[in-house]
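Trainee: Here are the chains, one letter per residue:
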Amino acid sequence: MGGGTPGSPDTGDVGLDLKSEPLVLTASVAGGQRVMAATLAASHRGVEAGQLLADARALCPDLIVRDWDEAADSAALKNLSDWLTRYTPWAAPASGHNGADGVMLDITGCAHLFGGEEALLKDLIRRLYRLGLEARCGLASSLGAAHALAHFVAKPLSFAIAPEGDPTEAIADLPVAALRLNPEIVEGLDMMGLKKIRQLIDLPRAPLTERFGTDVAHRLDQALGVDEEPISPQAPLVPYRVKRTLAEPISLQADLVEGLTRLARDLCKQMAADRQGARRLVALFYRVDGEVMRLSIGTAEASCDGAHLVRLLDEKLGRLAQDFDAGFGFDALGLSVPVSEDITPAQAMMQEVSSRAEMVRPGREEKAEKKRRASYPKLPSDLSFLIDRLGNRLGPGRVVQYEAVESHLPERAARAVPVMALQRHQAPPLWDEDLPARPLSLLPAAEPIDVVAEVPEGGPRIFKWRKVTYRIARLEGPERIAPEWWRDVDLTGAGGRTRDYFHVEDEEGRRFWLYRDGLYGRETATPRWYVQGIGG
Amino acid sequence: MAEAAALLGARIGGRKGALLSGLKAQIARLEAGTPPSARGEGPAALTLGCPAVDSVLPGGGLMRGAIHEVMAAEHRDRPAALGFLIGLCARLLQAASSGDPRPLLWVQQEEGLIDFGTLYGPGLKRFGLDPARLIVVTARAVDDVLWALEEALKCSALLGVVGAFGRQGKKGALDLTALRRLQLKAESSGVPGFLLRLPTDSPSVVARSRWRIATRPSAAPAWTQGAPLSARNHGIGNPSWQVALEKCRGGVPAVWQLEWAHAAHRFCLVPPMGDRPVLPVSGPQEGGEVLPLHGGRDARVA
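Residue numbers (our numbering), protein chains in the order written: chain L, 1 to 536; chain S, 1001 to 1302.
Simulated from the structure, these hints should not be mistaken for laboratory data.
The structure displayed is predicted, hence computed values, not measured ones.
Glycine is no exception: its CB is placed at the ideal position from the N, C-alpha and C atoms.
The reader is advised that the hints may include incorrect statements.
To list a few chain S residues with every Cβ distance to chain L over 12 Å, as calculated [what the hints assert, rightly or not]: (1) Lys1016; (2) Gly1017; (3) Ala1025; (4) Thr1047; (5) Pro1051; (6) Pro1058; (7) Arg1078; (8) Gly1083; (9) Arg1102; (10) Gly1117; (11) Thr1118; (12) Lys1125; (13) Ser1202; (14) Glu1246; (15) Gly1251; (16) Pro1253.
Derived, one-sided and incomplete: chain S residues facing chain L with beta-carbon distance under 7 Å [claimed, not checked]: (17) Gly1128; (18) Ala1132; (19) Arg1216.
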């Protein structure tokens, strides 16, 4: 199914009534200012997309002209197609020959939820009209045919439905331009007297392809439904999603949470039946005016505990407060789980598994058990709840665990991994037990210092860091750490030189970890000193 | 006093003795302010591994289910205070039984990180604090740190909770109500909480104990003793601090010179200067003076 809407003009600039004012959006293309999109009022006066602005002005002297903003246009279309996921998850902006000019929806298996195809289209057109959009809809068994119907048969605010089955007859008498071909190809076909799609159908393919490339045959096959043309939805397909359309728009947080709770109950039942839990959860709020608000939360441990998931969403909602613009309310809510994982039987038991889940074959459990043994310890559930709450309030990247990395360079030997992103099925890397002494804390970046050394290659005696002079009383070193030449192509950059590390203690007992960057005389004539670590 | 009471108990003997010790335990509990429900699991107190210090603390160590405060004597002593605190954390992990996989939660204020750096896994590992048992949370605002601490202290699936604060505005005082809430949460969950604070901060009233840590030169390791004069400055000993117990409910303020024994994962007294033994290999070093606190660096043990 294809829905054609006139380019969505930027309504923010003036209080224009798009329904009655003749407004066009123009851009300079193909040798002049041309109309890219026109409102219904303008098209009643004969103005249409592709016309030169001068011609349009001649037809309609009181034309209102605005610049066409392609990026805003496609962003608006993307928004719209998000909003249209209320009808089906398969929704994506459709591209015509001058950029995106519509949205395509695959409503296979969805129409009955809205009372049939016709009812769905009526509902869609009515809702879009309320948003200020005059939609034209085409519905057919192939995307190409639906596109043709939407653009060449349906009038604004109406729809055209091809009879079920073969769409050939429905589009045979339409102009070839309906096939989503380049204007040049359409012009070329026109010159050969090929004006209707019907004429193309019976033509031998070989000469056509020779003259115009494969496009003609390909588009024709797509329109006739011979070639499959799947819609790739904008949102990646998710294993679990639930949605609920509400009788009346709601906007209070308490009401939203109540709605989410019910959805979460359904969602968790689905997940528990498959022994899956959510690692990421996205809540979708469909606003009455066509916006879709998203809230996304993550969990440290796969969870199918509805109450917990909703509590995380609730906290996030509460924190957003003013930033979460409810507008005139939301008339549909959805939950989707982009990332899910196996949950352990213990967790599932706690979370009331439905009877179906108990019938899982034992073989699978044994395998899972084996997998678990050589991996990160599972977090006890109240701890993982705590981590979820911390992570969702402070940001998942701010709740970390340190992981060892196989590297000689001290700043690379440990890295912080968000607890929520830990790969729990992998064994954690081991910390090097035999490592020489290391400081307790590492500065975010090694800081250059001024050093007085006994001899150029010897240990430091006095150093000055952050405007304070430290006299070294005791030291240990050097520990020579060679650059990782297999990692760094640019040996002159950071980590490109040999470092000599020294543990030093000043006269009062403060401890530092210093290094001299570069071998004296070989790698550099004047090695610089840095402080990298403190304490220990 | 304890000996006298024990003597008394022995003399009365039998049933009365049991009754008396029961009553004494009850009084101790009331004084400590911990509801009995929070007790009874694991060792009641966290020992430092140094008898001289542990004997001063009520219950033989730091009470779990309470807030303890660690402060640096001066701004530049903050790394020392951090070292002492990491020692305490390592003790917590050592004290936990092998079947207890509970981690520590470390909440830090982002502001202090540029000055003093971030925790470094290999360094922690050497101190006996397994980085795999540490969850580090970074928050920007003091309020977020306090919130995270409160949430964490509610959670008995943690072994301990640390709050490392940066600068807190002009006053440098934490909200008393927030601290009080931390203490209450710690009491009910039995999870100990440690606050690492800057020297300029005003100390909190709520904390059960307050430790003030100053840097102190380490003792030369034994292997340096025969070294030639030119190499006399080589070799760094165990991390050591001047540790002042400024406040402790049910205990006496005191000052010690302590060092961290890496291999044994425990604190011990720095042996007096002069002929030092290699390291306290055979049992802990008993003795060491306990001086009344006069404050600051002056109260050093000679």
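Trainee: Should the hint that Gly1128 of chain S touches chain L count as held when the rule is a Cβ pair under 7 Å?
Mentor: Because about 12 Å separates Gly1128 of chain S from the closest Cβ in chain L, which is outside the 7 Å limit, the hint is violated.
Trainee: Hey, is Ser1202 of chain S genuinely clear of chain L, shortest beta carbon separation above 12 Å?
Mentor: Check passes; 25 Å lies beyond 12 Å.
Trainee: Beyond 12 Å from chain L, beta-carbon-wise, is Glu1246 of chain S?
Mentor: For Glu1246 of chain S, whose nearest Cβ neighbour in chain L is about 20 Å away, the distance exceeds 12 Å, so it holds.
Trainee: Classify the label on Pro1253 of chain S as holds or violated, using whether its beta-carbon is more than 12 Å from each beta-carbon of chain L.
Mentor: holds (22 Å)
Trainee: If we take the beta carbon of Pro1051 of chain S, is the closest beta carbon in chain L still more than 12 Å away?
Mentor: holds (24 Å)
Trainee: Checking the smallest CB distance to chain L, is Gly1117 of chain S really beyond 12 Å?
Mentor: violated (4 Å)
Trainee: Decide, holds or violated, for the assertion that all CB atoms of chain L are farther than 12 Å from the CB of Ala1025 of chain S.
Mentor: The claim stands: Ala1025 of chain S keeps its Cβ more than 12 Å from every Cβ of chain L (closest is about 30 Å).
Trainee: Would the least Cβ to Cβ distance between Lys1125 of chain S and chain L come out above 12 Å?
Mentor: At about 5 Å from chain L, Lys1125 of chain S fails to clear the 12 Å cut-off, so the statement is violated.
Trainee: Would you say Pro1058 of chain S is clear of chain L, with no C-beta pair closer than or equal to 12 Å?
Mentor: holds (29 Å)
Trainee: Holds or violated: is there a CB of chain L closer than 7 Å to the CB of Ala1132 of chain S?
Mentor: holds (6 Å)
Trainee: A cut-off of 12 Å on Cβ-Cβ distance, and Arg1078 of chain S was said to be off the interface with chain L. Does that hold?
Mentor: violated (9 Å)
Trainee: Please confirm whether Gly1083 of chain S is truly not at the interface, meaning its C-beta sits more than 12 Å away from all C-beta atoms of chain L.
Mentor: violated (5 Å)
In terms of the numbered hints stated before, the structure departs from hints 7, 8, 9, 10, 11, 12 and 17, listed from lowest to highest.
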